[in-house]
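Peer 1: Residue numbers (our numbering), protein chains in the order written: chain A, 2 to 261; chain B, 2 to 261; chain C, 2 to 261; chain D, 2 to 261.
Worth flagging that the hints you see were computed from the coordinates, not collected in a lab. Small disclaimer: the values here were computed from a predicted structure and weren't measured. Don't take every hint at face value.
Calculated cross-link-like contacts (lysine-lysine; reagent style DSSO-like; alpha-carbon spacing at most 27 Å) [stated by the list, open to error]:
| # | chain 1 | residue 1 | chain 2 | residue 2 |
| --- | --- | --- | --- | --- |
| 1 | D | Lys-143 | A | Lys-143 |
| 2 | C | Lys-19 | A | Lys-5 |
| 3 | A | Lys-155 | B | Lys-5 |
| 4 | D | Lys-5 | B | Lys-19 |
| 5 | A | Lys-155 | D | Lys-19 |
| 6 | C | Lys-155 | D | Lys-143 |
| 7 | C | Lys-155 | D | Lys-34 |
| 8 | B | Lys-143 | C | Lys-19 |
| 9 | C | Lys-34 | D | Lys-34 |
| 10 | D | Lys-155 | C | Lys-19 |
| 11 | A | Lys-19 | C | Lys-5 |
| 12 | A | Lys-19 | B | Lys-5 |
| 13 | B | Lys-155 | A | Lys-34 |
| 14 | B | Lys-5 | C | Lys-155 |
| 15 | B | Lys-5 | D | Lys-34 |
| 16 | D | Lys-155 | C | Lys-34 |
| 17 | D | Lys-19 | B | Lys-5 |
| 18 | A | Lys-155 | B | Lys-34 |
| 19 | B | Lys-155 | C | Lys-5 |
Number of protein chains: 4
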Amino acid sequence: MKRKSEIRTDIAWATPSKISIHGLDLCEEIIGKVDLGRMTFLQVFRRLPDQREARMFDAMMVVLVEHGITPSSLATRMTLCGAPEAVQAAIAAGLLGLGSVFAGSLDNAARMLQSAIPLGGGPEGDMREIAERLVDDYRTRKEPIPGIGHPFHKPIDPRAPALFAVAEETEYSGHYVTLINEVSAVATAQLGRPLPVNVTGAMGAIASEFGLAWNTCRGLAVAARAIGLVGHVLEEFRNPMAEEIYFRIEDEATRHARPE
Amino acid sequence: MKRKSEIRTDIAWATPSKISIHGLDLCEEIIGKVDLGRMTFLQVFRRLPDQREARMFDAMMVVLVEHGITPSSLATRMTLCGAPEAVQAAIAAGLLGLGSVFAGSLDNAARMLQSAIPLGGGPEGDMREIAERLVDDYRTRKEPIPGIGHPFHKPIDPRAPALFAVAEETEYSGHYVTLINEVSAVATAQLGRPLPVNVTGAMGAIASEFGLAWNTCRGLAVAARAIGLVGHVLEEFRNPMAEEIYFRIEDEATRHARPE
Amino acid sequence: MKRKSEIRTDIAWATPSKISIHGLDLCEEIIGKVDLGRMTFLQVFRRLPDQREARMFDAMMVVLVEHGITPSSLATRMTLCGAPEAVQAAIAAGLLGLGSVFAGSLDNAARMLQSAIPLGGGPEGDMREIAERLVDDYRTRKEPIPGIGHPFHKPIDPRAPALFAVAEETEYSGHYVTLINEVSAVATAQLGRPLPVNVTGAMGAIASEFGLAWNTCRGLAVAARAIGLVGHVLEEFRNPMAEEIYFRIEDEATRHARPE
Amino acid sequence: MKRKSEIRTDIAWATPSKISIHGLDLCEEIIGKVDLGRMTFLQVFRRLPDQREARMFDAMMVVLVEHGITPSSLATRMTLCGAPEAVQAAIAAGLLGLGSVFAGSLDNAARMLQSAIPLGGGPEGDMREIAERLVDDYRTRKEPIPGIGHPFHKPIDPRAPALFAVAEETEYSGHYVTLINEVSAVATAQLGRPLPVNVTGAMGAIASEFGLAWNTCRGLAVAARAIGLVGHVLEEFRNPMAEEIYFRIEDEATRHARPE
Chain A
2 MKRKSEIRTD IAWATPSKIS IHGLDLCEEI IGKVDLGRMT FLQVFRRLPD
52 QREARMFDAM MVVLVEHGIT PSSLATRMTL CGAPEAVQAA IAAGLLGLGS
102 VFAGSLDNAA RMLQSAIPLG GGPEGDMREI AERLVDDYRT RKEPIPGIGH
152 PFHKPIDPRA PALFAVAEET EYSGHYVTLI NEVSAVATAQ LGRPLPVNVT
202 GAMGAIASEF GLAWNTCRGL AVAARAIGLV GHVLEEFRNP MAEEIYFRIE
252 DEATRHARPE
Chain B
2 MKRKSEIRTD IAWATPSKIS IHGLDLCEEI IGKVDLGRMT FLQVFRRLPD
52 QREARMFDAM MVVLVEHGIT PSSLATRMTL CGAPEAVQAA IAAGLLGLGS
102 VFAGSLDNAA RMLQSAIPLG GGPEGDMREI AERLVDDYRT RKEPIPGIGH
152 PFHKPIDPRA PALFAVAEET EYSGHYVTLI NEVSAVATAQ LGRPLPVNVT
202 GAMGAIASEF GLAWNTCRGL AVAARAIGLV GHVLEEFRNP MAEEIYFRIE
252 DEATRHARPE
Chain C
2 MKRKSEIRTD IAWATPSKIS IHGLDLCEEI IGKVDLGRMT FLQVFRRLPD
52 QREARMFDAM MVVLVEHGIT PSSLATRMTL CGAPEAVQAA IAAGLLGLGS
102 VFAGSLDNAA RMLQSAIPLG GGPEGDMREI AERLVDDYRT RKEPIPGIGH
152 PFHKPIDPRA PALFAVAEET EYSGHYVTLI NEVSAVATAQ LGRPLPVNVT
202 GAMGAIASEF GLAWNTCRGL AVAARAIGLV GHVLEEFRNP MAEEIYFRIE
252 DEATRHARPE
Chain D
2 MKRKSEIRTD IAWATPSKIS IHGLDLCEEI IGKVDLGRMT FLQVFRRLPD
52 QREARMFDAM MVVLVEHGIT PSSLATRMTL CGAPEAVQAA IAAGLLGLGS
102 VFAGSLDNAA RMLQSAIPLG GGPEGDMREI AERLVDDYRT RKEPIPGIGH
152 PFHKPIDPRA PALFAVAEET EYSGHYVTLI NEVSAVATAQ LGRPLPVNVT
202 GAMGAIASEF GLAWNTCRGL AVAARAIGLV GHVLEEFRNP MAEEIYFRIE
252 DEATRHARPE
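Based on the sequences and whatever the hints tell you, model everything.
Peer 2: Laid out in structure tokens, this is it:
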């Protein structure tokens with residue numbers, strides 16, 4: 002089982018007097034000069050953004066931060082209830098459910114778009130036809146078309162137009178934004194009910210405009226949500242709900258079996 | 002086991018057409034208007050920061066994002082090696098080690114400072130005397146004094162002066178910053194070797210200036226590090242090291258026992 | 002940051018034709034010959050148990066496996082709801098809350114007993130006096146005395162006598178079992194209300210009889226609970242509750258704020 | 002977002018004097034009477050096993066417990082290095098990598114077998130023909146055939162015959178065991194190199210004989226590995242390697258960039 006290949010990182014290095022992150026001096030060029038959104042951009046793209054890029058990137062990230070009471074924030078609160086001394090474990094527990102159901106919808110939207118227009122390439126042929134092909138494919142496979150429609154935010158998911166407005170201003174409204182809107186139009190026509198672009202459709206399109214491979218979108222969602230979960234940790238410390246939920250659910254779930 | 006107490010969150014709520022986060026309309030007042038650092042501030046303090054607050058907060062957060070190859074980033078890379086489809090699990094694994102040893106040093110520095118000057122209160126008595134009392138306490142208990150000295154960044158940890166410079170400019174250089182510097186001066190004199198304020202001392206002082214309770218500092222460290230770990234996930238996908246480390250370590254660790 | 006110390010494991014090694022675990026040949030000496038309880042004992046004690054040891058160890062482990070609907074099993078179910086494809090993440094999420102509140106009570110009971118009678122040593126002086134000293138210590142520090150009393154299992158926690166019965170039969174009823182019973186008697190007398198030994202008191206005593214250091218008890222609790230959480234994963238797949246809990250709690254928790 | 006469906010568990014309930022797990026009285030019928038392997042069987046199958054079932058189940062479980070130094074046990078050790086007070090987090094970190102690469106191979110073997118012979122059904126047609134169809138399918142899709150061949154355990158994986166021997170004795174050697182052996186024979190003939198059944202092939206076949214759906218196999222692997230990771234936690238406390246690995250890797254990985 003022996004072999005020997007290179008072990009190398011290009012992210013960061015340190016000497017006693019200097020710390021370098023993606024080629025920037027942490028103390029001279031980052032602290033006090035780079036804000037958190039730009040720092041996140043730096044971690045992802047290995048260079049700082051310009052003003053336009055930072056504005057679009059921040060808009061995309063802030064949408065992902067906070068979603069209220071969700072299975073994810075409930076897992077964080079449940080974990081805090083048993084291990085209040087291990088805040089890192091509570092936040093990690095909340096992140097663990099960002100899988101195929103929640104975070105996955107963002108991956109899926111970006112994947113669909115990038116399957117039709119490869120990153121770095123341009124669309125081949127008419128956009129409406131590409132959209133029709135995508136919709137046909139999903140319908141043939143009887144899979145839901147990602148990025149359109151929303152069970153709760155009806156008739157439209159207000160986050161999508163808000164993101165698209167920033168994309169317009171920052172010139173991020175390119176092929177992928179066009180395509181997700183075409184997919185929405187085609188699906189609405191074919192299925193006979195309104196299926197506007199939802200937040201994951203808008204995010205998937207904008208992430209694609211940024212050149213982010215679909216399978217890295219989840220990382221950004223996870224990082225943003227870690228920020229959101231800090232808020233739930235703080236609130237659970239101030240005004241807890243986990244124990245009450247546990248008592249109620251335990252009582253209800255076992256009532257059918259317990260002798261009185 | 003029955004009881005019934007209120008279950009309530011004040012973080013966020015949604016209707017089909019509106020999402021409210023800490024009283025702000027996500028689509029109207031946050032997307033495109035609030036950057037990621039301010040959004041993080043909002044999650045923690047339940048209000049947006051002004052320019053001065055945002056600048057100091059960003060400086061504190063960016064320091065926590067990236068620390069290169071650490072046990073934490075190695076845990077993320079090891080996890081990705083077995084579950085590349087579950088990026089959320091890889092990031093969570095890296096966060097789980099932010100416990101008493103690493104993140105804990107920040108908690109400890111803030112706790113020491115807040116034990117001497119309660120949050121919201123002012124120092125009672127002379128700062129030098131308070132610092133002497135703290136140093137005596139730790140030496141009596143034979144515990145290391147948090148926030149001063151560094152095994153690698155010698156003679157000084159360059160992050161501390163960089164943070165203090167921003168604190169000076171943004172008027173965050175208050176009682177706690179004074180106190181950690183006094184602790185450093187007293188310890189240096191008493192122990193006869195240079196023990197300058199390190200990054201966790203500077204961070205603990207500034208977090209205290211922000212009014213953050215010591216046991217919530219870890220939450221911020223965890224959120225910032227989640228951003229950093231996204232960079233390690235991306236690099237591990239591009240240029241993996243986990244499998245090579247595993248092969249080498251397995252070989253070396255079992256060599257003494259394996260028959261040839 | 003250079004240095005070079007030995008990296009070595011004594012747990013397991015493999016050649017193409019043989020796998021050795023704690024000195025036993027997996028294929029020749031373990032598979033089909035060693036049951037899961039003995040295998041667990043082997044991992045912990047680095048040798049196989051005899052019949053008597055296996056029986057007591059199994060009794061201790063099975064108590065830890067399943068505790069019904071708890072914050073821990075709810076965290077597992079919440080995580081599965083978002084990431085049904087990542088069962089490992091759901092189980093991990095449930096384990097993360099086994100901290101100071103739940104698993105910690107077992108650690109605390111064992112720690113108290115081992116502080117009075119060091120592992121490998123015998124009691125110094127009269128057991129009743131040792132118990133009185135322990136009770137006094139905890140009352141002076143205003144800390145709850147671990148291992149006695151139970152908020153729900155009243156008047157007695159039925160698991161404690163069941164474990165003690167096995168300890169009696171298997172000759173595990175030694176100093177530590179005597180001591181926890183004395184602690185219960187002293188506390189009951191001093192505090193004027195029944196404070197019988199509870200499950201964590203019995204477990205802490207028996208773990209101490211096994212020579213397990215108090216800070217390793219949590220590991221056993223975590224392993225046993227991982228087994229229990231598999232049952233919750235299977236039930237959540239068959240008959241889910243996580244989404245319903247989420248909908249109800251989200252609705253209730255935001256009702257005060259949402260416009261109708 | 003309102004609705005109201007039943008929340009119910011059938012795993013366990015408790016009254017002050019009694020705890021019931023899958024219909025058994027914990028104190029009367031489990032403690033001291035049921036060993037850990039049978040308790041695990043109970044959690045999975047909701048009934049106790051007979052002797053024959055227990056023996057096969059134990060054999061399957063013990064194989065999964067310990068795999069030496071792996072990315073999984075390294076993630077546990079790395080996490081412990083930063084959070085030695087949170088053993089639950091260290092074990093959880095090790096479990097998180099049991100995804101598509103490691104635990105997934107077991108799922109895949111079981112899935113392949115269950116796709117050919119549905120659980121509860123019998124094989125339709127000749128076994129050799131079924132195996133040929135499976136091998137063709139995987140080769141057409143250019144996917145590796147799960148459950149056969151091993152990069153390290155050559156010429157055969159000794160765990161497979163060990164498991165099959167127990168299956169023979171306990172009468173678990175049914176359709177699925179036959180099928181995985183046929184798959185091995187067909188693949189060996191078609192691909193012109195020895196591709197004997199490996200451990201995941203044997204486990205996947207036996208799990209299928211137990212009637213376990215392929216997507217629940219991972220749960221068993223996770224539970225068994227949690228036991229194994231306790232051993233790594235204990236060894237890391239006794240004789241640590243994580244910090245040394247971190248120092249070496251950090252040094253090597255950044256050497257190309259650091260100024261001397």
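Peer 1: All hints, please: hold or fail.
Peer 2: Status of the hints after comparison with the structure:
| no. | hint | result |
| --- | --- | --- |
| 1 | D/Lys-143 to A/Lys-143 | holds (24 Å) |
| 2 | C/Lys-19 to A/Lys-5 | holds (24 Å) |
| 3 | A/Lys-155 to B/Lys-5 | violated (33 Å) |
| 4 | D/Lys-5 to B/Lys-19 | holds (24 Å) |
| 5 | A/Lys-155 to D/Lys-19 | violated (49 Å) |
| 6 | C/Lys-155 to D/Lys-143 | violated (62 Å) |
| 7 | C/Lys-155 to D/Lys-34 | holds (24 Å) |
| 8 | B/Lys-143 to C/Lys-19 | violated (49 Å) |
| 9 | C/Lys-34 to D/Lys-34 | holds (19 Å) |
| 10 | D/Lys-155 to C/Lys-19 | holds (10 Å) |
| 11 | A/Lys-19 to C/Lys-5 | holds (24 Å) |
| 12 | A/Lys-19 to B/Lys-5 | violated (56 Å) |
| 13 | B/Lys-155 to A/Lys-34 | holds (24 Å) |
| 14 | B/Lys-5 to C/Lys-155 | holds (21 Å) |
| 15 | B/Lys-5 to D/Lys-34 | violated (38 Å) |
| 16 | D/Lys-155 to C/Lys-34 | holds (24 Å) |
| 17 | D/Lys-19 to B/Lys-5 | holds (24 Å) |
| 18 | A/Lys-155 to B/Lys-34 | holds (24 Å) |
| 19 | B/Lys-155 to C/Lys-5 | holds (21 Å) |
Checked against the numbered hints given earlier, this structure breaks hints 3, 5, 6, 8, 12, 15; the rest are met.
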